[in-house]
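Protein chains in written order, with numbering that gives the first Met the number 0: chain B, 0 to 441; chain D, 0 to 441; chain S, 0 to 441; chain Y, 0 to 441.
One thing to keep in mind: the hints can contain errors.
In this list, chains with the same sequence are indistinguishable; a pair is considered to hold if it fits within one copy or across any two.
Claimed, not checked - Taking lysine-lysine and the DSS-like style, the derived pairs with C-alpha atoms no more than 27 angstroms apart in a straight line are:
no. : residue 1 : residue 2
1   : K377      : K396
2   : K338      : K439
3   : K106      : K441
4   : K106      : K439
5   : K377      : K106
6   : K396      : K382
To be clear, the hints were calculated from the coordinates, so they are not data collected in a lab.
There are 4 protein chains.
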Amino acid sequence: MEEINASIDFDRRLAPLDIEASLAHAAMLARQGIISPADADAIREGLNRIAQEIAEGRFAFRRDLEDIHMNIEARLAELAGPAAGRLHTARSRNDQVATDLRLWVVKACGRAREGLRDLQRALLDKAEAHAGTIMPGFTHMQPAQPITFGHHCLAYVEMFARDGGRFADAQARMNECPLGAAALAGTSFPIDRDMTAGALGFARPMRNSLDAVASRDFALEYLATAAIAATHLSRLAEEIVLWASPGFGFVALSDAFTTGSSIMPQKRNPDAAELIRGKTGRILGSFVALATVMKGLALAYAKDLQEDKEAVFAAADALELSLAAMAGMVADMTPDRAKMRAAADTGYPTATDLADYIARVLGKPFREAHHAAGAIVKLAEQKGVTLDRLPLADMRKFEPGLTEDVFGVLGLEASAASRASYGGTAPARVREQIAFWREKLK
Amino acid sequence: MEEINASIDFDRRLAPLDIEASLAHAAMLARQGIISPADADAIREGLNRIAQEIAEGRFAFRRDLEDIHMNIEARLAELAGPAAGRLHTARSRNDQVATDLRLWVVKACGRAREGLRDLQRALLDKAEAHAGTIMPGFTHMQPAQPITFGHHCLAYVEMFARDGGRFADAQARMNECPLGAAALAGTSFPIDRDMTAGALGFARPMRNSLDAVASRDFALEYLATAAIAATHLSRLAEEIVLWASPGFGFVALSDAFTTGSSIMPQKRNPDAAELIRGKTGRILGSFVALATVMKGLALAYAKDLQEDKEAVFAAADALELSLAAMAGMVADMTPDRAKMRAAADTGYPTATDLADYIARVLGKPFREAHHAAGAIVKLAEQKGVTLDRLPLADMRKFEPGLTEDVFGVLGLEASAASRASYGGTAPARVREQIAFWREKLK
Amino acid sequence: MEEINASIDFDRRLAPLDIEASLAHAAMLARQGIISPADADAIREGLNRIAQEIAEGRFAFRRDLEDIHMNIEARLAELAGPAAGRLHTARSRNDQVATDLRLWVVKACGRAREGLRDLQRALLDKAEAHAGTIMPGFTHMQPAQPITFGHHCLAYVEMFARDGGRFADAQARMNECPLGAAALAGTSFPIDRDMTAGALGFARPMRNSLDAVASRDFALEYLATAAIAATHLSRLAEEIVLWASPGFGFVALSDAFTTGSSIMPQKRNPDAAELIRGKTGRILGSFVALATVMKGLALAYAKDLQEDKEAVFAAADALELSLAAMAGMVADMTPDRAKMRAAADTGYPTATDLADYIARVLGKPFREAHHAAGAIVKLAEQKGVTLDRLPLADMRKFEPGLTEDVFGVLGLEASAASRASYGGTAPARVREQIAFWREKLK
Amino acid sequence: MEEINASIDFDRRLAPLDIEASLAHAAMLARQGIISPADADAIREGLNRIAQEIAEGRFAFRRDLEDIHMNIEARLAELAGPAAGRLHTARSRNDQVATDLRLWVVKACGRAREGLRDLQRALLDKAEAHAGTIMPGFTHMQPAQPITFGHHCLAYVEMFARDGGRFADAQARMNECPLGAAALAGTSFPIDRDMTAGALGFARPMRNSLDAVASRDFALEYLATAAIAATHLSRLAEEIVLWASPGFGFVALSDAFTTGSSIMPQKRNPDAAELIRGKTGRILGSFVALATVMKGLALAYAKDLQEDKEAVFAAADALELSLAAMAGMVADMTPDRAKMRAAADTGYPTATDLADYIARVLGKPFREAHHAAGAIVKLAEQKGVTLDRLPLADMRKFEPGLTEDVFGVLGLEASAASRASYGGTAPARVREQIAFWREKLK
């Protein structure tokens, strides 16, 4: 029973927050005249000393005391004597643990946002250096149209921006204080919940005491948001693994984020990218775990809720490591312009440019333009040349209206530059977006 | 292959949105001079007629045309002739389907928010009628302290408010238009994406064309938000199932939301509550499904993304049905004051009130107060009486300072009334919160 | 990078198995003449000493050495000198870690099977003591028909038997040895994989070296099986929580598996049952985690696979703790015959017995019998009596063919005894099943 | 309420099984003398006619009759008159629906096994044709060692074999009949459950009536097994998507399983592979959905269980389509020997062969051999040649013991052939395994 019941092995991470919440509670109790100034002093001094003991690794956590609250409480009794008992006035372990975890998750949201911004900055640096670097834009892993590597990087900047927005929204929503809900019904002591909420950095106290001790949707929202961010990380990780593979060869990763082989000196395994990709599982699994715990749970408090912490800690660790590793890996990686360009030039990726040109410039119906372009591509294929090397005369067989001007859209750079619609891959557009994000991420 | 490839069986739900997006696109193409006014007219008329055919159930969906876009396109070709082909100028199925689904999910967020508000109103009505109705507040399914049924209802009002907030945030975040991203890289036609975005009710066009066709985090956020709301629904559903069980007998459900037994006339099975509880699975499963699809998917478009729609539709249907059924069930249910009160009076639920009283009023250290209260409860138990029926003399054996005044906290109503801290169960506090929510939900 | 890359914090649990596998590999290398007897001796002695150091807690695990294999390898180099390097002949970390984890999971299957059998025995003891104890059989949490508590316990014996069967099947299926697959392609050394497989207790070597290093479906099957078992545990846990709640009062739990309240002496919180119920989340989440990792992973080895271990360890710990706690809790719990019987006697639970009697004995069509029974129940309800107390004359108003004989089916015990079809709740049937399981679980 | 309650839209798929079970039940009732031969005849004729009506699409399913059982029952009442009512003797919808779904899932296991075998055969054909076709064996998506394409195909044959084994085990375990459990407690009618079980092809009746109506672990096991198989399918699908990408170019897919672009004639999008990869999500999501439904569900029957069917149907459809599409795609695909071989010859993939040779043949300690090989590779890299083109003299600078004989292991074919350990990639070994599987899959 002790083994299944004790949570001290993992909830010790809450220690600094538990102490912070107790300090706020004691100060409030004293100001409201619920405990004496002397008791408040004894409690404060005791808690500060415990905080120091823990910070210095001198605190002896005991499993028989089950959880972090009891471990601190027992030590406080040694240090502060009877005053320690008064700290528990007008609160219970139910609102205490809800407060501790909420504080932890609020901070985790902040760390995630910062990690996402760092990653965005790393991507932005690469985007800037490669706003005009041609690479193949893939659909179905087949080269479809030439794009720029900067444009590709910016796609992820957008995704991580929305992830950051989600964390910000979650953080704002959860920024309410459960402390003072007591066991589940509030208390008859004349407490001041605005004071404790404020001292702990919360925007306000929670409005319903049952909800305060029974709800964990703040943790679920954190986990869901992390899981969505993890899908974005996994997509970028997958691409990096592929880009680093010789079949692509689009980027070289640095030694710091790869492992080598002493015998195959050119081999650099993208371990960090693979680990990031894999950690998606842990994070999604953590969300499923806590959602399953919460499913069908009657109010108000039940011990099932003890399962909230490990899910949150595991996901937060995985997410934060992944963000940091990804930011470092992106910063360190070296795109190979030549290989990207060569890959972009397979499969007649400017065929749609030709069709668009025939429609746009020569005013042909879309379907006809499409048909002519297809025929021209087929001929180029038979002749084994790229479109921009096919003689004009050959093209005119299928579309007599074509002039030399057409070559302006058939090259990769020309194609990319022509896609200048808002959000398009034209380097000028890409640079506009870089400027936008530079300003945002200042 | 046709069987695995065709999506028309489910994506036909997107038909009205697909037409709406095409109308906006055609109008923009015409205003930008990309297609002629005559073509635009022919397209508009054709699309309007298709919309009518679909609305009237006269449209012949064809599986060999794979998806909703091709079905509409083929019919438009019949109706509008060559103009139909020009509608596809400067767009592709990739941005088209991203736009359609986004429009659908934006609206689904709106429906979820409305459904949540209706449910909150039903709970608020019950809370108002029962702001002072005593029921047991449970921890670990054991009666812990008397609370009011109104207070309990308000706990769910809070949870559903946060769910609504999450849907609102998601809706705002996804309110960007992918249309104009074309296949993945934007287009060389001089399109006006602000115009189409505005016509479709979006706040702005998306800033990156790759992101526009490749991302589905808007759908994931919808699903995650729905999954979290579903855990709240499942908790209330679980409680209703228990409350309707004879061991509790706290509420009677109406015939409309139960099924009966012709032979056991008093039996009312809470089928609706059970179905709502069960649908949590479908909704959570849908999030897992789409998150798994997105994991490790290289940019930009891949056919895997076709799996987004069924997950979203299944979850939205389950959520909307659950919200409506729950609102109706709550509105219809009849709390049984007597049974709730009787259940609240088992297990000495005012024992903590007594301890708090000794500490608060008599100024005893919390631990001593606790000890005296425990001894008094033990005596009451031996005598087989509730605390408010134990003679004062008996209590004084353990705490001589007690006076008649103590009985003011020992009754259930007195106990509840005394928990008047902010967010507490005191009926006065509950009524304050009801007023707050009445204003919010106007 | 070190932080995301290092696995030594969790894979140290594989240490004994890693050493066992290395011992088997070294012995095989020596017998095949690939390494010298002297080298084999040095390796064996070194590994045995390392095993002892680890067992005695004297081994200094180093994070900079990343994983358990490198930690042991480095120490072996100190102890055995150049021979240590030869241990790595004809194997790689890829097949080594696959072997270690497989050994671990095979054993975990064994522990789960034993834990399930212990739990079945505890349930069987309760079933035997209560083969005739009447309780309500619920549908929709409404009493439907009287059953016996023994019958209810046996339902779980069946579920846990199937869980055990699943673990046995999984164990048999995974009982193949990856060792010798080397990095991914096998080796040119003349190794004897049958010998190592046999030494490690495997049935045979795996047949394909790529599969051996790339597959983790053995771990997925373990996790899925654990997740299914966890749903069963959660159902029993939910019932125990409800049964221990005063509204039911069906069982009293022992102090060992509950936590109390010093101030409410009668309160026993079913913490163990709640924790078991909650751990379903962790176990299901672990399956989702690893399934997500494996989704779309190209062959053969990728670092994503490092994520397999924590998922497996977390789930195994949760499952094994839950099984042990549940077995203890069931063994300790005391059913309350009177409360169960009283609950079984609400809601006219023998109404269907009456209908069946009219159909079976009087030969009336089922629909008519049903109708008459319904009318009789309604009358009993109006008179406020249970069916077995309603005068025969009253019954005859609706079904004249009834005689005194009918009372033989209207009592709870009679009803239960009458359901003597195979698998039914009749105590005689229940005792037959108990005998069957006693024999099986010997 | 009707909308959330009705299941006829999806459970109509159970119709043939519901009728089959009713036919078996009626025949048993008649043989046991519970209903008359005349009634049994009327029921049988009515049910057969309904079966025909459904098969011919003439049956009018009615939503107001909720589910398939009531739809059939109502029609039977029209066709068979009062006899129809007697069909419901000694059974209830609870055991009826459990029986129907179990029959469905038993058959689904059979279809999955057959689909897996077909896929294995397609892989085996490819393996046979390419037992000696060299391709790069990847770790971390980096070429590590040459293997053969046949060997790679066989890795999947192994995985799908285990999947088939899991379905077989699940099928055997679930092959027990719930019919006769009635509502939850069995029945007082003298039914013969062995007879109905036998008639429906089950091995035996279930041993506990509560378990029979309350358990769905047979469906969970099916879903978990499907989810594991789906991870294997997704891995092969991922590889096919990559292999078909120009960066690899390892295989050409047939038109039947790709979609093209009219304008880029050489483009073949691997839509089928992507859809298969994506369907992993649906299948895993279905398992999570049902596991969530089952979590914490008290016995015996609750309406939550209605959620079992859609999860099972959705997963089965996705799995069966995926298996068929994958088998067809594999059968149709054309490996490109030249591209595979060229890719295998990048990155000095025989470096470990050289090291193994120095250790194995020259008897050098592994570490020294490794060091010499690394130095030789570095030199080859500087000279820009593959290892088998580096002059012997160059190699001898680092390892003087080398002779011409070493070239026997430095070529790709030689390397592959040398890995002749059991399960290794040597073509001879591969052919042995092909023979083994040919025999197994006859």
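Up to 27 angstroms CA-CA - K382 versus K396, copy category: Answer is within: at 15 angstroms inside a copy they meet the 27 angstroms cutoff, but 49 angstroms across does not.
Within, between, both or neither: K377, K396 at alpha-carbon 27 angstroms: Within one copy only: 12 angstroms inside a chain, 54 angstroms across chains, cut-off 27 angstroms.
Alpha-carbon proximity between K338 and K439, which holds within one copy, between copies, both or neither at 27 angstroms: neither (32 angstroms within a copy, 46 angstroms between copies)
K106 and K441: within-copy, between-copy, both or neither at 27 angstroms Cα: within (21 angstroms within a copy, 34 angstroms between copies)
Status of K439 relative to K106 across identical chains (alpha carbons, at most 27 angstroms): Only inside one copy: K106 and K439 sit 22 angstroms apart there, 29 angstroms across copies, limit 27 angstroms.
K377 and K106: within-copy, between-copy, both or neither at 27 angstroms Cα: neither (59 angstroms within a copy, 45 angstroms between copies)
The structure shown violates the earlier hints numbered 2 and 5.
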